[in-house]
Amino acid sequence: NAGVMQNPRHLVRRRGQEARLRCSPMKGHSHVYWYRQLPEEGLKFMVYLQKENIIDESGMPKERFSAEFPKEGPSILRIQQVVRGDSAAYFCASSPTGGSGEQYFGPGTRLTVT
Amino acid sequence: GENVEQHPSTLSVQEGDSAVIKCTYSDSASNYFPWYKQELGKRPQLIIDIRSNVGEKKDQRIAVTLNKTAKHFSLHITETQPEDSAVYFCAASNYVDMRFGAGTRLTVKP
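Chains as they are written, first to last, in my numbering: chain X, 424 to 537; chain C, 11 to 120.
The following block holds chain C by itself, in its conformation from the complex (with noise of 0.2 Å):
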């Protein structure tokens, strides 16, 4: 089945400054690529996604890069703000289900 990692685990910084945040998938099926926001006692958001057919997808701060080849994906957060903070999780689904990565907890100090 699909194992996906995710690294790192805690990331820390500044205000302003880009965060990067990257995952692995072993399923060479997997086909759709989702990134989920998670704040503390919520449920998992879906900020943005990418599928197997695209390299690249960018929403405002935020753009998801794919290289299939090596079997690996990107979420890069541009300008970052205090409320960006939350745990960040990668996922990879073929036609059947899905998988997440154990998350990044993200933080964005003033």
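Chain X on its own, in the form it takes in the complex (with noise of 0.2 Å):
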């Protein structure tokens, strides 16, 4: 059974282009969930998806971040017109319960704006 898959593990991109990130879940795992971390800080939740919703995204920024679990395919984490503020890693983690279940770490993607 494959671990959390994510895709790019690094990512290079000028202010202003887009960074797409993906998440493919563990096999059997429906909940998926979307953490950055700065260097030297801990983990700050951004985002709770099922398939085809999202369940929670208090901590997504407002503006220029969205995510979507498709039916079908990865989990996507989409940054639009970066900043230098966005270099951080992006780790997602999948459940297979959700809520009070465990979660389980992909080795994450570096992204670096320049």
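Hints are supplied without guarantee of correctness; some may be wrong.
[Unchecked claim] Footprint (simulated), chain C over chain X, 3 or more residues, beta carbon under 8 Å:
hint : stretch
1    : 444 to 456
2    : 478 to 492
3    : 529 to 535
[What the hints assert, rightly or not] Listed below are the simulated DSS-like cross-link pairs for lysine-lysine, each with C-alpha atoms no more than 30 Å apart in a straight line:
hint : chain 1 : residue 1 : chain 2 : residue 2
4    : C       : K47       : X       : K474
5    : X       : K467      : C       : K81
6    : X       : K467      : C       : K47
7    : C       : K52       : X       : K467
8    : C       : K47       : C       : K78
9    : C       : K47       : C       : K68
10   : C       : K47       : X       : K450
11   : C       : K32       : X       : K467
12   : C       : K119      : C       : K78
[Stated by the list, open to error] Simulated DEER-style distance windows between Cβ atoms:
hint : chain 1 : residue 1 : chain 2 : residue 2 : range
13   : C       : K78       : X       : E525      : 14 to 22 Å
14   : X       : T520      : C       : G11       : 18 to 26 Å
15   : C       : K67       : X       : Q503      : 38 to 46 Å
Worth flagging that the hints you see were computed from the coordinates, not collected in a lab.
All C-beta atoms in this analysis are idealised placements derived from N, C-alpha and C, irrespective of residue type, glycine included.
Hey, can you piece these two chains together into the complex? The hints should help.
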């Protein structure tokens, strides 16, 4: 059973470009969470999704950020018009049950905005 | 929403000593409390967890205790080894989502 997959592992974007981060959950998991981690800091919750539904997006910036988890394919975190402050590691985690279920993390995507 | 506080932010111990990390949470509906270990440049890895119907759980050198009345839980690592050096995160989860503490950087000196 493959673990949580994220790609790309490293992404470099110039200011103003778009960044698309992908997350494939573990087989059988239908709950996906996205977190942002700045260097030397903790994990900040961004959004919680189930297939085709956003359950909680209270941690997502109101502008430029969006997330989806379609019926088929990976979950996508999209950042439009990136700025230097968006540089961070973005982790996704998947869970079989959501809520009080165990979350398993992917390897992360390290976004660098130049 | 849930708010998780974690102390200390850094902890340095001598190899063989014990390490204790403490967390408090605010949402009385939280019922699941995992601990994650993150080595430099790696993903967070679940090392132990506890649910609200249990007061203590142990797995070899690692143990977690939960006090629901006081809304705090702790991670205990005994006989620490250099490979225990990492950042440790606590988290609290209700039926909807999970919130993490800010992390504790543990250094075990040989």
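Provide an ascending list of the numbers of those earlier hints which the structure does not satisfy. When the structure is compared with the hints, numbers 1 and 12 turn out to be violated.
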